[in-house]
Amino acid sequence: MNTQPDPAELRQQAVLSDAVTAETKALLERRTKTLRERAERAESVILQALSGLAADEFARGFRLVQRDGLALDGAVFPSGRCFVLDDPQYGLATVAVSVEELLRGGYQGARIEWADEATEGGAGRG
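Positions 59 to 184 (the numbering used here) are the ones given, in order, by the sequence shown.
Mixed in with the good hints, there may be bad ones.
[Unchecked claim] Simulated restraints on C-beta separations: (1) Thr61 - Gly164: 55 to 61 angstroms; (2) Ala72 - Gln124: 44 to 50 angstroms; (3) Gln71 - Gly127: 43 to 49 angstroms; (4) Glu98 - Pro146: 46 to 52 angstroms; (5) Glu95 - Gly127: 28 to 34 angstroms; (6) Tyr148 - Thr61: 46 to 52 angstroms; (7) Arg118 - Ala77: 30 to 36 angstroms.
Hints are computed from structural coordinates only; laboratory data are not their basis. Owing to the predicted nature of the structure, the values given are computational and were not obtained by experimental measurement. Just so you know, even glycine gets a beta-carbon here, dropped at the ideal spot from N, CA and C.
Starting from the given sequences, assemble the full structure and let the hints guide the process.
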């Protein structure tokens with residue numbers, strides 16, 4: 059009875075392990091790059107919108123209420139650009155050129171509740 063592992067099988071397992079490790083590393087690098095690019099775009103849009111505000115203009119807050127009832131905070135700037143905080147704990151946000159594009163691009167079926175309309179007793183608009 060042979061109790062020693064087969065060297066060919068060990069080499070094959072090592073090659074497989076190396077391939078899985080390489081694929082995992084590549085996937086993590088791609089995801090990190092994507093998240094970094096999204097964060098940079100969000101920061102750029104927010105800074106552009108803030109720098110373009112006149113003294114009497116302000117961002118307008120809203121709550122994006124998804125079909126499942128989860129509500130996300132957001133704001134639209136006088137330029138029309140907007141963002142919604144997907145994960146405030148980690149600083150992840152979705153940025154769009156307009157609220158309509160935001161809804162069309164990834165939040166189909168969601169509705170918008172405007173902060174100023176909610177304080178006036180309105181039901182919001184979607």
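Hint check:
{"no.": "1", "hint": "Thr61 - Gly164: 55 to 61 angstroms", "result": "holds (57 angstroms)"}
{"no.": "2", "hint": "Ala72 - Gln124: 44 to 50 angstroms", "result": "holds (46 angstroms)"}
{"no.": "3", "hint": "Gln71 - Gly127: 43 to 49 angstroms", "result": "holds (48 angstroms)"}
{"no.": "4", "hint": "Glu98 - Pro146: 46 to 52 angstroms", "result": "violated (18 angstroms)"}
{"no.": "5", "hint": "Glu95 - Gly127: 28 to 34 angstroms", "result": "holds (30 angstroms)"}
{"no.": "6", "hint": "Tyr148 - Thr61: 46 to 52 angstroms", "result": "holds (50 angstroms)"}
{"no.": "7", "hint": "Arg118 - Ala77: 30 to 36 angstroms", "result": "violated (51 angstroms)"}
In this structure, the hints that do not hold are numbers 4 and 7, in rising order.
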